[in-house]
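Engineer: Fit chain V to the known structure of chain U by using the hints.
Chains U and V, in that order, are what the protein sequence lines are. The working numbering puts the first sequence at residues 1 to 429. The working numbering puts the second sequence at residues 1 to 315.
Where hints are given, some of them may not hold.
Within a straight-line C-alpha distance of at most 27 Å, the following computed DSSO-like cross-link-like pairs (lysine-lysine) qualify [stated by the list, open to error]:
(1) V:K127 / U:K147
(2) V:K127 / U:K217
(3) U:K173 / U:K280
If we take Cβ atoms under 7 Å as the criterion, some of the chain U residues that face chain V in the derived model are [said to hold, decoys possible]:
(4) L38
(5) D86
(6) G117
(7) P124
In short, the hints are calculated from the structure, not lab data. The structure displayed is predicted, hence computed values, not measured ones. Even glycine gets a Cβ: it sits at the ideal position worked out from N, Cα and C.
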Amino acid sequence: MSLYVRIPFALAALASAAAIAPAHAQQAPIKIGIVSFLTGPAASPFGIPGRNGAEIVLEAFNAGKAPAPFDKVGFGGTKLEAKYVDEAGSVQNVVTEFRNLVQRDQVDAVVGYISSGSCLAVAPVADELKALTVFYDCGTPRIFEEKARSYVFRVSPHATMDGVGAARYLVAKKKNLTSFSGINQNYAWGQDSWRDFAGAMKVLAPKATADKVLFPKLFAGEYGAEISTLLTSKSQAVHTSFWNGDLESFTYQQSARGLDKRMTIIMTTGEAGMWRMRDKLPDGTIIGGRGANGPLARDTDINKWFHQIYMDRYNTPPTYPAYQMAQSLLGLKLAYEKAKKGDAKPTTDEIAAAFKGIEFTGPAGHVKMALGNGHQGITETAYGTYKFNKQKNMPEIVDIMRFPAECVNPPAGIDADKWIADGMKGAKC
Amino acid sequence: MITREKLAGGLAFLFAAAAAPLAPEWVVSLATIAFANALVVLGLVVLWRTGLVSFGQALYYCIGAYTVALIVRWSGFTDAFALVALGGVGAGIVAALVGFLLARYREIFFAMLSLALSMILYGVLVKTETLGSTDGFSVSTPSFLGYRPHGEALGLSLYWFTLAIDAVAAVLVGAYFRSVAGSLATPIRDNEIRVEFLGVSVTRIIHTKVVIAGVLGGLGGALAALTIGHVDPAMSYWTTSGGFVFVTILAGAGSVAAAFVGSLVFEMVRSFAVDIMPGLWQMVLGSVLLLTILFLPDGLGSLVARLRKREEAKP
Numbered sequence: 001m002s003l004y005v006r007i008p009f010a011l012a013a014l015a016s017a018a019a020i021a022p023a024h025a026q027q028a029p030i031k032i033g034i035v036s037f038l039t040g041p042a043a044s045p046f047g048i049p050g051r052n053g054a055e056i057v058l059e060a061f062n063a064g065k066a067p068a069p070f071d072k073v074g075f076g077g078t079k080l081e082a083k084y085v086d087e088a089g090s091v092q093n094v095v096t097e098f099r100n101l102v103q104r105d106q107v108d109a110v111v112g113y114i115s116s117g118s119c120l121a122v123a124p125v126a127d128e129l130k131a132l133t134v135f136y137d138c139g140t141p142r143i144f145e146e147k148a149r150s151y152v153f154r155v156s157p158h159a160t161m162d163g164v165g166a167a168r169y170l171v172a173k174k175k176n177l178t179s180f181s182g183i184n185q186n187y188a189w190g191q192d193s194w195r196d197f198a199g200a201m202k203v204l205a206p207k208a209t210a211d212k213v214l215f216p217k218l219f220a221g222e223y224g225a226e227i228s229t230l231l232t233s234k235s236q237a238v239h240t241s242f243w244n245g246d247l248e249s250f251t252y253q254q255s256a257r258g259l260d261k262r263m264t265i266i267m268t269t270g271e272a273g274m275w276r277m278r279d280k281l282p283d284g285t286i287i288g289g290r291g292a293n294g295p296l297a298r299d300t301d302i303n304k305w306f307h308q309i310y311m312d313r314y315n316t317p318p319t320y321p322a323y324q325m326a327q328s329l330l331g332l333k334l335a336y337e338k339a340k341k342g343d344a345k346p347t348t349d350e351i352a353a354a355f356k357g358i359e360f361t362g363p364a365g366h367v368k369m370a371l372g373n374g375h376q377g378i379t380e381t382a383y384g385t386y387k388f389n390k391q392k393n394m395p396e397i398v399d400i401m402r403f404p405a406e407c408v409n410p411p412a413g414i415d416a417d418k419w420i421a422d423g424m425k426g427a428k429c
Numbered sequence: 001m002i003t004r005e006k007l008a009g010g011l012a013f014l015f016a017a018a019a020a021p022l023a024p025e026w027v028v029s030l031a032t033i034a035f036a037n038a039l040v041v042l043g044l045v046v047l048w049r050t051g052l053v054s055f056g057q058a059l060y061y062c063i064g065a066y067t068v069a070l071i072v073r074w075s076g077f078t079d080a081f082a083l084v085a086l087g088g089v090g091a092g093i094v095a096a097l098v099g100f101l102l103a104r105y106r107e108i109f110f111a112m113l114s115l116a117l118s119m120i121l122y123g124v125l126v127k128t129e130t131l132g133s134t135d136g137f138s139v140s141t142p143s144f145l146g147y148r149p150h151g152e153a154l155g156l157s158l159y160w161f162t163l164a165i166d167a168v169a170a171v172l173v174g175a176y177f178r179s180v181a182g183s184l185a186t187p188i189r190d191n192e193i194r195v196e197f198l199g200v201s202v203t204r205i206i207h208t209k210v211v212i213a214g215v216l217g218g219l220g221g222a223l224a225a226l227t228i229g230h231v232d233p234a235m236s237y238w239t240t241s242g243g244f245v246f247v248t249i250l251a252g253a254g255s256v257a258a259a260f261v262g263s264l265v266f267e268m269v270r271s272f273a274v275d276i277m278p279g280l281w282q283m284v285l286g287s288v289l290l291l292t293i294l295f296l297p298d299g300l301g302s303l304v305a306r307l308r309k310r311e312e313a314k315p
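Excised from the complex, chain U in its bound form (with noise of 0.2 Å):
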């Protein structure tokens, strides 16, 4: 019996070592490689309408159906072909299926990222392989400030700008605010988001204080103690940069003990997720998107054609990791597009200087390479107040305010921290 064992691990690691993929022929498809969590936790709010995003709108740029400015076939009348990788498993297991996929399957362009910890290890190594690389999702603004880089480019906002963009949406919408308490995941996003979301507060309401800061463990899943704790405050805000399950958790059951009767409830990542929880998610709970994605986009033509074609195909509306690849990928097109003279195939080296400071408007509005000497996008934010509309049977986002990009995103050249910590100097609002 132990031969038939034997026989396909041979075989598996022979395919493996002798698959190297051919030498490009001129009229060769342009393959992308896309990565997001297809398994794993954040795989059903992050990964999945990532990955389904990435679907649509690369059959709609090979079918020529996008848009103006961005109807041409495929990239500048080249095809797309697209590969489509996991990103669960150890950082390791990242950086070498990044490697693969660069080294091995000849990708022209990877695109995806959701977790900061793989961005922040696959940076390096696309600019040792000089690979066009273009991170989707992930929200840590280190990527561009710990070094600069030279492959690798981010369309999607980072971070920052969901806790400053809180934090003026509260403010503008509580004049009497004295007390706000926040309830985070205790590993990077939620603690990053936390310090954004209170640094920013410091500087907007300076006369508000913290009150109860709690960092229960990621994928806790129980949030009695903590709900305990919060209703004996007095603050009238709770800040909370939950996501997926955990979010789903914590809201069932605070709704059941009334918290959200007691303080509103500021949801960074809430839009991910109202579609799942629609009436069980209290009305009054200020919702974010990571920036003006789904319901807190503007009702443009392209924004329009972007939701049909996804609802269309998946019967759910797109929700904010969706846009965010659809951004990265209409900027990757520009940049190609730009990059590329006469019928010859442009270098990676053409293109990341045609990326470079690029500006364009996509579903998510209006995106300028502003940050990291042209490698990081910043576009406005939005935030609103979550309604759930009975007659219609529909969640909805009402009284939406808007924040312009640089009202919300630290200059260039200033470290995103450190920005909000000297008093957000320089936004324009």
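Structural biologist: For chain V alone, coordinates are given in the frame of chain U:
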């Protein structure tokens, strides 16, 4: 028999070293990671022979990696030889300290206690925002006694460097297995009291094994940090330890070489599964483990022994 094994090991090592420049770059980087992780597996094999399973080997792996990463971050010192040595020493010191506690426990208590210790480190690192919490931080590229390669040369240098450390570790651990203390592993597993009556301190032997496994774990982590160029607290998480135990089951405790072959096979199967089944690759890994346990309970290493037996049975 021993000389034949040594010869085969030496030839395999030379082949692995010579084949690298001909192999595509991604194979070299995949093999580097596999051979770095193989050191941790080798440490688990050392424990396994005594009937001990550590579900916390990631502790030493993470200490090795963070030792390297922090030295590079704070001092800018990048010599790979010194860094990896320090990673091994750092993990060895921790292993020697926790060994006083661990060496008194057996079976599930040993497994759980080691797991708990690695999770303490994980918890501390997650709370350390200055080190990037769960995002971790990057490690700049190493130099080798003043030589600073880039691109493909860096990949090859790291690979050969890892291979060389593996070879030294394999020879030393092989020698340890043949020593008196090493040979007592199976007797300890079978009947500790009898071994004590021979006049040997079982606790001391297990303490030594914990330290050996710790040093190997630290070396593996240090090499992984240099190869990947990034460290994060997940290196200390229990699933990382679980992954090493997985490879140990796949490889088997039969021989030193099995740890290296098992680790390489595991990385290849994982990478291959991600390639062909992006949404179901964990299932492929699970099936491989299940089939191994069913048909090769002593791991891949036992294949060689089986073949040899079959050969000897021939008239």
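Engineer: Next, verify each hint and record whether it holds.
Structural biologist: Okay, the hints, checked on the actual structure:
Using a Cα cut-off of 27 Å, the hinted pair V:K127 and U:K147 holds, with the two alpha carbons roughly 24 Å apart. The suggested pairing of V:K127 with U:K217 holds, with an alpha-carbon distance near 10 Å, which does not exceed 27 Å. Distance check on the hinted pair: U:K173 and U:K280 sit about 23 Å apart at the alpha-carbon level, within 27 Å; holds. Restraint check, U:L38 versus chain V: the minimum CB separation of about 5 Å is within 7 Å; hint holds.
Residue-level restraint check for U:D86 holds (minimum Cβ-Cβ distance to chain V is 5 Å; threshold 7 Å). At its closest, the beta carbon of U:G117 sits 4 Å from a beta carbon of chain V; the interface hint therefore holds under the 7 Å criterion. With a least beta-carbon distance of about 5 Å to chain V, the hint placing U:P124 at the interface is held under the 7 Å criterion.
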